[in-house]
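J.: Based on the sequences and whatever the hints tell you, model everything.
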Amino acid sequence: MMRLMQYPELAQPQALLGFIERCVERGLSGFDHADIYGAGECEAHFGAALQLRPALREQVQLIGKADIVPAAQDSSRWQVKHYNTRADYLTQAVEGSLKRLGVERLDGFLLHRPDPLLRVDEVARALDDLVGSGKIGWLGVSNAELLHCQTLARELPLRCNQIELSLQAQDAAWDGRLHAMESEGVHVLAWSPMGGGRFGPELLRALDEVGAALNATANQVALAWLRELPGKPVPILGSLRWERIEEALLGAELQLDTQTWFYLAQAARGHEVA
Amino acid sequence: MMRLMQYPELAQPQALLGFIERCVERGLSGFDHADIYGAGECEAHFGAALQLRPALREQVQLIGKADIVPAAQDSSRWQVKHYNTRADYLTQAVEGSLKRLGVERLDGFLLHRPDPLLRVDEVARALDDLVGSGKIGWLGVSNAELLHCQTLARELPLRCNQIELSLQAQDAAWDGRLHAMESEGVHVLAWSPMGGGRFGPELLRALDEVGAALNATANQVALAWLRELPGKPVPILGSLRWERIEEALLGAELQLDTQTWFYLAQAARGHEVA
Amino acid sequence: MMRLMQYPELAQPQALLGFIERCVERGLSGFDHADIYGAGECEAHFGAALQLRPALREQVQLIGKADIVPAAQDSSRWQVKHYNTRADYLTQAVEGSLKRLGVERLDGFLLHRPDPLLRVDEVARALDDLVGSGKIGWLGVSNAELLHCQTLARELPLRCNQIELSLQAQDAAWDGRLHAMESEGVHVLAWSPMGGGRFGPELLRALDEVGAALNATANQVALAWLRELPGKPVPILGSLRWERIEEALLGAELQLDTQTWFYLAQAARGHEVA
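Chains as they are written, first to last, in UniProt numbering: chain A, 1 to 274; chain B, 1 to 274; chain C, 1 to 274.
Do not rely on the hints blindly, as some may be mistaken.
What the hints assert, rightly or not - No farther apart than 20 Å at their CA atoms in a straight line, the calculated lysine to any residue pairs in the SDA-like style are these:
(1) C/Lys81 / B/Asp257
(2) C/Lys81 / B/Gln266
(3) C/Lys232 / A/Leu117
(4) C/Lys81 / B/Lys81
(5) B/Lys232 / C/Arg86
(6) C/Lys232 / A/Asp175
(7) B/Lys81 / A/His271
(8) B/Lys81 / A/Trp174
(9) C/Lys81 / B/Thr258
(10) C/Lys81 / B/Asp171
(11) B/Lys81 / A/Glu272
(12) B/Lys81 / A/Ala274
(13) A/Lys232 / B/Leu147
(14) C/Lys81 / B/Leu229
(15) A/Lys232 / B/Asn84
(16) B/Lys81 / A/Arg269
(17) B/Lys81 / A/Ala87
(18) B/Lys81 / A/Glu209
(19) C/Lys232 / A/Asp257
(20) A/Lys232 / B/Glu122
(21) C/Lys81 / B/Glu209
(22) B/Lys81 / A/Asp257
(23) B/Lys81 / A/Leu256
(24) B/Lys81 / A/Leu229
(25) B/Lys81 / A/Asp175
(26) B/Lys81 / A/Arg205
(27) C/Lys81 / B/Trp174
(28) C/Lys81 / B/Glu122
Honestly, the hints are just simulated from the structure, not real lab data.
T.: The structure is reproduced here in structure tokens:
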């Protein structure tokens, strides 16, 4: 929901409600939020839509994230973008998200960025309390290195790590990190699954070529490529245009065979495997 | 045996048999194969030699590797070099090697390259079955990162990791990887132990200098340098010229003292230690 | 005590004794030695000062380090700077430090640099023996990668790792290494905490700015920045000028809030956080 405020067709709560309902009908029940998306407006707008049909709450999975403080939100004299994982900050951030969303519980909650100042004990206690009080369902991290996952997982049950992962950002598939996270029981979610529009010409050509062969679109092929990875990473779709979502849904059963997967990987990397 | 087909003097099975017998007599009983070496011809030729004296089988240790599919072997429309670690592929690959070698068992079997699509459970089951059926003795990996070793070792008994390691490729000695693999119980085998002929002039000069001091050849010194590393990595000799093998054998007892080891490391790295 | 011989005002044992006493009075009881500092002269000079007032011994914590052999100390024909972690070498090195310092025990002992040839079993046995005989109190490493710490910690109780860490060398704070070492129970000591005078102009400006806001000096701010990191790294002050030490002591209670910490980190890194 990062770019929710950028879609005029979703600007009215009633329209957004229709969008959410369409998603749920099609099996897309997870909605990825963060306190900083639209400086809180994305959550508030989503909440306004939910209020129009409260029974919908039980049909959606709401994921929240916090710990990034944008420079504009920093009230200190330094006005510096920073992270904050102090217990009181995280607790207030979760409560802020709950209030904006108009719900009593985030189904999942992720630390948005790995904070170099994170105190493991303090965070574990704060998040345990939030889970215990029912304000959070399960826990995860985002943009975390394997070492962060391993350190935190000693103290907290981590369900997922949301990282950049796509044909354009596939190192974690080759150096053992995806396998290691799978082995740790940490599910990987892929943000920017289409590479944020930065796919190069050779890769775009290969995606078209594969799409033509499989009767699929380039985007469907790029998403299918992700699904073959260890642990079956789930893409976080950035676009909220319904045609894009429909496109992804229609391609959800697409499977790539091994050769096709490597053909695309090679096109993105610019060289064949060793 | 990667370059077996490049030696005219070993082109006849009888000649190759003599070579194998000489190796065994001198204590070199391990032979490093892979299904892709010579596109299978290396294994087949080795098998033809073994057939001439079947009793020799019990005196040799045969190591096989698989999972790389060269572009020329890819029958898909993409004709792409790729890896394949699906259960049926690995099982057939091992059976193909057994058939070409004319034996009933590979003493050791390595995954040739770390496959980003490797399914740990599936591979563990397939290799367990191959071990259980007696077609494979023990298991290992090749070119694997530490994370791959650690992840696989949770499910499979890994005996070794065959990696590039030489004076020219010595990072793993400094960043803790060799120590970590030793600690995991994974024995390191060193391929390209002479750096594939890419040793620079300063290193070559130092090898000659040390060789002159120790009454040894440069190659003997380079191999002795490897033997001092944690876990005593075993070199995979690339050359099958008997003089080269004889040279290595004659230098097998050569030991370098600490100062000499660092002198060579420094010559290869271009700077002294910190 | 690395640069002890560079301070004319501490050149007389009596003067150095006064310095040590001043440190102890102010709560600075740990003194960081190594056999190579001043080629042994630093330890010997410190020992000469201690001899003037033997009762002081019980009030100080003496840390020793060994395993680096400078080229000038290498008696081999190669005259090469190298590391040595053989049992007999380490034992003699510790005994040499004890003799020069004129004491019967090093409170702590660190392997100075990670030795690629280190034999874990042999080192564990040698250091165990030194601890058992009372010649060493506790053990640590210096300049070790996480893999080195993890491998050694399986065999030895490692109390600390002394690494370069400062605003100028802060990667370990971001990639999870500091958290991982804290999680392993390895306390981090920071050498070159002021970046060895290599702080860039933007960082120096930010340190001054923060110092002005907090009524502190730039050096006090840089040290306070370190103290906020996971595990509260302790700085190894390089300077032995009393004014510098006094400055650090006067700033010992200074705490930086999260925003200030990130403001300084950003000034050093040249970009804001992601």
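J.: For each hint, tell me whether it holds in the structure or not.
T.: Status of the hints after comparison with the structure:
1. Taken as a hint, the C/Lys81 and B/Asp257 pair is honoured in the structure, with Cα atoms around 14 Å apart against an allowance of 20 Å.
2. A threshold of 20 Å between alpha carbons decides the hint, and for C/Lys81 with B/Gln266 the separation of about 9 Å falls inside it, so the pair holds.
3. About 10 Å separates the Cα atoms of C/Lys232 and A/Leu117, which keeps this hinted pair within 20 Å; it holds.
4. For the hint linking C/Lys81 to B/Lys81, the alpha-carbon distance of about 45 Å lies beyond 20 Å, and the restraint is violated.
5. Annotation: proposed proximity of B/Lys232 to C/Arg86 holds, straight-line Cα distance about 16 Å (limit 20 Å).
6. Between C/Lys232 and A/Asp175, the direct Cα distance comes to roughly 31 Å. Violation of the 20 Å bound is thereby established for this hinted pair.
7. Note on B/Lys81 and A/His271: the hinted pairing holds, with a Cα-Cα distance of about 10 Å set against a maximum of 20 Å.
8. With a C-alpha separation of about 15 Å, the suggested pairing of B/Lys81 with A/Trp174 holds against the 20 Å cut-off.
9. For a cut-off of 20 Å, the pair hint linking C/Lys81 to B/Thr258 stands: about 11 Å separates their Cα positions.
10. At roughly 18 Å between alpha-carbon atoms, C/Lys81 and B/Asp171 fall within 20 Å of each other, so this suggested pair holds.
11. A hinted pair counts as satisfied when its Cα atoms are at most 20 Å apart, and B/Lys81 with A/Glu272 qualifies at roughly 6 Å.
12. Restraint check for B/Lys81 and A/Ala274: the C-alpha separation of about 9 Å stays at or below 20 Å, so the hint holds.
13. With a CA separation close to 19 Å, the supplied pair A/Lys232 and B/Leu147 stays within the 20 Å bound.
14. Only pairs whose Cα atoms come within 20 Å are accepted, and C/Lys81 paired with B/Leu229 is accepted, the gap being roughly 18 Å.
15. Of the supplied pair hints, the one linking A/Lys232 and B/Asn84 holds, its CA atoms being roughly 17 Å apart against a limit of 20 Å.
16. Annotation: proposed proximity of B/Lys81 to A/Arg269 holds, straight-line Cα distance about 13 Å (limit 20 Å).
17. At roughly 51 Å between alpha-carbon atoms, B/Lys81 and A/Ala87 are farther apart than 20 Å, so this suggested pair is violated.
18. In summary, the hint linking B/Lys81 to A/Glu209 is supported, as the alpha carbons are separated by about 18 Å, within the 20 Å threshold.
19. Between C/Lys232 and A/Asp257, the direct Cα distance comes to roughly 50 Å. Violation of the 20 Å bound is thereby established for this hinted pair.
20. Distance restraint check for A/Lys232 and B/Glu122: the Cα-Cα separation of roughly 15 Å lies within the 20 Å cut-off, and the hinted pair is therefore satisfied.
21. Restraint check for C/Lys81 and B/Glu209: the C-alpha separation of about 18 Å stays at or below 20 Å, so the hint holds.
22. Our distance criterion of 20 Å between C-alpha atoms is met by B/Lys81 and A/Asp257, whose separation comes to about 13 Å.
23. Pair hint B/Lys81 plus A/Leu256 holds up; C-alpha atoms about 16 Å apart against a cutoff of 20 Å.
24. Taking the CA atoms of B/Lys81 and A/Leu229, the gap is about 18 Å. The hint holds against a cut of 20 Å.
25. Among the hinted pairs, B/Lys81 with A/Asp175 is consistent with the structure: their alpha-carbon atoms are about 18 Å apart, no more than 20 Å.
26. Annotation: proposed proximity of B/Lys81 to A/Arg205 holds, straight-line Cα distance about 18 Å (limit 20 Å).
27. For the given pair, C/Lys81 sits about 15 Å from B/Trp174 by alpha-carbon distance, which is consistent with the 20 Å threshold.
28. At roughly 49 Å between alpha-carbon atoms, C/Lys81 and B/Glu122 are farther apart than 20 Å, so this suggested pair is violated.
Of the numbered hints stated above, those contradicted by the structure are hints 4, 6, 17, 19, 28, listed in ascending order.
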